[in-house]
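A.B. asks: Relying on the hints, combine the two individually framed chains into one complex.
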Amino acid sequence: MDLLLPALLGALKLSAKLILIIVPLVTLFEVLRHLPVFRRAGNVVEPMMRGVGLTRDAAVPLFTGIFLGIAYGAGIIIRVAQQKGLPARELFLMGLFLATCHSVIEDVLIFVVIGGNGPAILGVRLGLAVVLTGLMARVWKQV
Amino acid sequence: MSDPGAGAAAEEPIPDIPTRIRTGLAAGFWTSIKIIKVSVPLYVAVTLLKDTPVLDLLGKVFAPVMGIFGLPGEAAFAFVAAFLLNLYAAIAVMVPLHLTPFQVTQCGLMMGIAHNLVVEGGVLSTTGARGGVLTLCRLVIACAAGLLLRGLWGLWEIAAAWAMSLPGLS
Chain A
1 MDLLLPALLG
11 ALKLSAKLIL
21 IIVPLVTLFE
31 VLRHLPVFRR
41 AGNVVEPMMR
51 GVGLTRDAAV
61 PLFTGIFLGI
71 AYGAGIIIRV
81 AQQKGLPARE
91 LFLMGLFLAT
101 CHSVIEDVLI
111 FVVIGGNGPA
121 ILGVRLGLAV
131 VLTGLMARVW
141 KQV
Chain B
1001 MSDPGAGAAA
1011 EEPIPDIPTR
1021 IRTGLAAGFW
1031 TSIKIIKVSV
1041 PLYVAVTLLK
1051 DTPVLDLLGK
1061 VFAPVMGIFG
1071 LPGEAAFAFV
1081 AAFLLNLYAA
1091 IAVMVPLHLT
1101 PFQVTQCGLM
1111 MGIAHNLVVE
1121 GGVLSTTGAR
1131 GGVLTLCRLV
1141 IACAAGLLLR
1151 GLWGLWEIAA
1161 AWAMSLPGLS
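Protein chains in written order, with our numbering: chain A, 1 to 143; chain B, 1001 to 1170.
I should point out that these hints are in silico values taken from the structure, not numbers from a laboratory.
25 Å max Cα-Cα, derived PhoX-like pairs, lysine-lysine:
hint	chain 1	residue 1	chain 2	residue 2
1	B	Lys-1060	B	Lys-1050
2	B	Lys-1050	A	Lys-17
3	B	Lys-1037	A	Lys-17
Looking at chain B on its own, in the form it has when it is part of the complex (with noise of 0.2 Å):
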């Protein structure tokens, strides 16, 4: 431990690269298999709720608190996806729903903070720190991010709109 920066690091045995690539396909099949599992029947359910009006009538509740971050009440179910499992079954809840790409930036971007809170929030709480808290703190930052986006997209709408309107540049 003479070098404070790489001791901590320097412990763990570097396995060769073969040895990495094995590791990294391996860990890449079983994400693979955790895709299919809830992409296949999300994806597939919402395709066929959309030509229901079951989807329409839910969305219409949830569209008030979605409307807050610019997004189509239907989108509320790809938070609950994405809160309850992972990304990857929010993505497959949002493709069907044919978003705009300022309303897919702004799931990305609230998801990516607040997602998957029942097992990470589990996992956080077994390593000492507090699991409800922290869960608590990611969801009023997804918020924040939200209301940081929606205004900073429509900012940026108004400057390229202008100067689109310049002389010489339209």
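Chain A with its partners taken away, still in its complex shape (with noise of 0.2 Å):
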């Protein structure tokens, strides 16, 4: 029982300190997202997702997909995706970005908070993801 008290009382810091972090950042994204500025950052982009072989059509579940993550944009990624009628080749593209780069914000604070290396682990994920889908974009050439 001696062991068992300091164990639980570990377990509910820590899952303190991870809703500390989620909470708050959860809520800011639900109130951000909808601002104009983010509407219009396409324009800013577009030049960038070239680079990896992506239009500005992708631009939207593209971030969504980076800063809210898979799961929780998934709504917005299917919607834009089937509106937009977004090619096979820019799909492949953009699961490919985000399978190595998503939910990034999120992801980096919490392994911050038990002591991670936030800019190592960010720097690594973001320039994976550009090089092997700048890659990807070579080898299957656009019809």
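C.D. replies: Here you go:
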């Protein structure tokens, strides 16, 4: 029993830490994601997206996935992909990018809380996503 | 649909700020329940098992594989938790193991890419994508990222040690 109590206490402390990050973060996302700035951001990121074989049609689902994650952003990702009629090539490239680099803010923060190096995690994920997607965009040539 | 960039997003009605805050808090509440449900039992279980030979013994089995990425054998349990459940579960397993900053970073990187494979693989399959292929891709990319970080971290340490040895800096 004298082992169980500290274990339980540690578990609750960890849960509290994670909750204190997640709740404000999710709330902030929900408030910010409708701002007009983010809707117009497509113009700014278009040149960057072209580098990895994506068009601005993929901007909304791509950035939803990068910031919110695949599960939380699934509704937006699927709806926009269908509305825009994204071609198979672009769906694949977007999927590859998001597989490597999704839900980055939340994922990185919860590991920073327990002692991880945030910039290292973010840097490698973003770098690898850009390199892999850019590479595949050149392998799978546009028709 | 005059502006092709804003068209898709604009079709979603924009809720007012109080509604958005409520939606966010509600989502946060359900995530909190999920965190407590998986983290507490796993954290307690690992903490109690740590003092028995069980964790040590099973850790030795996985040590060769985990060693490739600079991780101890026990980290394999955190990967099982990440693959089958989610990152909160993995973190609950990792904290009682007392990993080094590099090891936490490595786990965060690899697990961030490959986690919750059962549920997310299922979701991806329903959208028409090949769930199995994508899951395999995530595992391969996670391993590649792990090797990359191990190499980069090593280089960084060498560079840092070299910089410290420069005259006038130490």
